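What follows is the residue order along each chain.
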Amino acid sequence: MIDERIVLQLLKEGKRLDNRSFLEYRKIEIEKDIIPKAEGSASVKLGNTLVIAGVKVELAQPFPDTPNEGILVVNAEFPPIAHPTFEPGPPNEYAIELARLVDRIIRESKMIELDKLFIEDGKVYGIFVDIHIISNDGNLLDASTLASIAALHSTKIPKYENNSLIRNEFIGNLPVRYKPTYVTIGKINDSYILDLTYDEEQVINDLIAFGIRDDEKIVAVQKLRGKFKFNEIEKLLDLAIDKSKEIRKYL
Amino acid sequence: MKKENIKLLENGKRSDGRNLDEIRNINIELGIIPIANGSAKFSFGNTVAIAAVYGARSLQPKFLQEDEKAVVRVRYNMAPFSTDTRKNPGIDRRSIELSKVLRDAIENSIFLEEYPRAVIDCYAEVISSDGSTRITSLNAISLALALAGISMKDLIVGLTAGKIEDKIVVDLNQLEDNYGSADISFGYLFATDEIVLLQMDGELKKEEFLYALSLLKEKAKVVYEKQKEALRNYLEKEKYD
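From first to last, the protein sequence lines are chains A and B.
Quick note: the first sequence uses my numbering, first residue 12, plus one each step.
Quick note: the second sequence uses my numbering, first residue 18, plus one each step.
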């Protein structure tokens with residue numbers, strides 16, 4: 012790992028270790044349908060960050076307040092293979108926050124038509140999105156969201172018959188519409204910086220994420236760390252809306 | 018209940034009779050836990066949170082200490098009886114996220130470097146919930162920190178906003194939180210003009226989001242004044258006790 016002081020010094024001079032400009036993402040590579048037994052799946056490579064998202068479709072009971080809608084569950088795991096700081100054991104608060112943020116952007120953007128996942132009274136399709144971080148080199152939120160959205164767009168719905176799902180027969184694709192994306196923005200010396208590497212994340216104190224839908228609606232916001240001046244939110248929003256269009260093209 | 022049957026606005030008034038930019042009754046009691054270094058009860062209408070601050074005190078075990086600053090620990094918790102259907106006691110994923118978000122707001126409001134090797138424990142218990150519980154907890158913790166004598170940039174002022182039937186409103190109650198189309202949680206330091214907590218979910222156009230923020234800042238002044246007034250009264254009274 013690189014000395015934090017070097018990373019910080021470079022950033023203060025407006026430079027990055029990998030020579031990117033501050034607003035430039037690393038190369039994004041998305042592959043869909045990579046897990047045969049998952050109903051939907053995708054991997055996202057963002058430089059040296061690698062995330063796999065798998066979607067399993069299961070029979071489920073609806074929530075009491077939405078008896079006619081399918082359910083969505085998002086979970087994230089940071090297994091110890093992905094980074095020396097990741098430890099075995101139950102998800103820590105960062106893994107939980109990440110999973111809840113991905114859940115939020117999927118749910119609030121209404122990208123899944125949950126009302127079409129009703130089977131019969133007390134029975135619906137459950138959509139389980141599991142995010143697995145394979146290699147951590149920063150910006151896990153943007154990468155995990157890309158992987159989850161790509162996986163959902165590749166998801167097929169298994170046939171339901173005699174109280175069970177038939178795993179190799181499908182009735183169609185999961186009814187999805189939008190492709191919402193998060194853009195996480197860091198701040199250093201009043202400059203904004205995107206797609207932080209792990210080393211950059213160690214020296215940047217202010218981070219905020221905006222979830223933007225295809226129609227430019229804001230569907231989720233989370234200040235992840237640090238503080239922002241009241242009057243800079245508009246600039247941040249413009250940047251996020253602009254960049255979301257660019258990274259959505261990869262989906 | 019079906020969404021369509023819920024009326025959040027009627028003749029320009031909200032379900033509880035408030036105007037769009039009206040905050041519920043704010044009630045503050047200070048020092049209610051005498052053994053804590055600082056404590057406060059804060060309510061927005063029927064949402065009530067009690068906070069206690071223990072510290073700054075030496076952090077044990079020692080290997081957890083930070084040489085140049087304090088460690089802040091925050092726990093946000095809802096009492097099982099605070100909600101419509103009983104909330105299972107204990108920590109869940111939601112409370113873990115909210116505790117993290119609150120801790121992050123508090124860390125950015127305190128002069129941490131004044132307390133090397135120390136811990137500042139902030140605990141908030143929501144005893145009655147009617148929307149905006151994390152923000153109610155934030156206001157309670159702000160006051161408890163002040164009473165504990167912790168060096169802060171300013172009091173932390175929290176308020177929520179949201180969108181109900183195409184109107185932007187402040188201080189969401191439960192019904193508006195559940196059936197409105199967006200909600201924003203906002204924590205702000207007036208002295209430094211810094212946003213230390215910001216969360217949003219729902220669906221807003223850029224213009225709506227920015228308008229909501231400006232309304233939040235304007236109305237947060239009310240909460241700020243209430244916090245200061247409560248502290249002044251409490252410290253006045255203590256002087257003569």
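A hint or two may mislead.
[Claimed, not checked] Simulated pairs of lysine to any residue, SDA-like, Cα-Cα distance not exceeding 25 Å:
| # | chain 1 | residue 1 | chain 2 | residue 2 |
| --- | --- | --- | --- | --- |
| 1 | B | K104 | A | F74 |
| 2 | B | K234 | B | K104 |
| 3 | A | K246 | B | K223 |
| 4 | A | K198 | A | F74 |
| 5 | B | K86 | A | N200 |
| 6 | B | K117 | A | L28 |
[As the list claims (entries may be wrong)] Partial selection, computed: residues in chain B whose CB lies under 7 Å from chain A:
| # | residue |
| --- | --- |
| 7 | I108 |
| 8 | E114 |
| 9 | K117 |
| 10 | D210 |
| 11 | V213 |
| 12 | L215 |
| 13 | G219 |
| 14 | E220 |
| 15 | L221 |
| 16 | K223 |
| 17 | E224 |
| 18 | L227 |
| 19 | K243 |
Think of the hints as simulated: they come from the structure by calculation, not from any bench.
Bear in mind the structure is a predicted one, so any value in this text is a computation, not a measurement.
Think of the CB as a built atom: it goes at the ideal place given N, C-alpha and C, for glycine as much as any other residue.
Here is how each hint holds up against the structure:
1. For a cut-off of 25 Å, the pair hint linking K104 (chain B) to F74 (chain A) stands: about 15 Å separates their Cα positions.
2. For a cut-off of 25 Å, the pair hint linking K234 (chain B) to K104 (chain B) is broken: about 32 Å separates their Cα positions.
3. Taking the CA atoms of K246 (chain A) and K223 (chain B), the gap is near 11 Å; set against the 25 Å cutoff, the hint holds.
4. The straight-line distance between the Cα atoms of K198 (chain A) and F74 (chain A) is roughly 40 Å, outside the 25 Å bound, and the hint therefore fails.
5. The hinted pair formed by K86 (chain B) and N200 (chain A) meets the criterion: a straight-line CA distance of about 22 Å does not exceed 25 Å.
6. In summary, the hint linking K117 (chain B) to L28 (chain A) is not supported, as the alpha carbons are separated by about 30 Å, beyond the 25 Å threshold.
7. Violation of the interface hint for I108 (chain B) is found here, the shortest Cβ-Cβ separation to chain A being roughly 10 Å, above the 7 Å cut-off.
8. Satisfaction of the interface hint for E114 (chain B) is found here, the shortest Cβ-Cβ separation to chain A being roughly 5 Å, below the 7 Å cut-off.
9. Taking 7 Å as the C-beta cut-off, the interface hint given for K117 (chain B) holds, the closest approach to chain A being about 5 Å.
10. Hint status for D210 (chain B): holds, given a least beta-carbon distance of 5 Å to chain A, under 7 Å.
11. For V213 (chain B), the interface hint holds, the least distance from its beta-carbon to any beta-carbon of chain A being 5 Å, beneath 7 Å.
12. Satisfaction of the interface hint for L215 (chain B) is found here, the shortest Cβ-Cβ separation to chain A being roughly 4 Å, below the 7 Å cut-off.
13. A hinted interface residue such as G219 (chain B) counts as satisfied when its beta carbon comes closer than 7 Å to some beta carbon of chain A; here the least separation is about 6 Å, so the hint holds.
14. Interface restraint check: E220 (chain B) against chain A, minimum CB-CB distance 5 Å, threshold 7 Å, status holds.
15. Here the hint on L221 (chain B) is kept, as its CB sits about 5 Å from the closest CB of chain A, short of 7 Å.
16. Annotation: interface hint on K223 (chain B) holds; nearest CB of chain A at approximately 6 Å, less than 7 Å.
17. At its closest, the beta carbon of E224 (chain B) sits 10 Å from a beta carbon of chain A; the interface hint therefore is violated under the 7 Å criterion.
18. The restraint placing L227 (chain B) at the interface with chain A holds, with a minimum CB-CB distance near 6 Å, inside the 7 Å limit.
19. Annotation: K243 (chain B) was flagged as interfacial toward chain A, and the flag is violated, the nearest CB pair being 20 Å apart, outside 7 Å.
Hint compliance for this structure: hints 2, 4, 6, 7, 17 and 19 are broken, all remaining hints hold.
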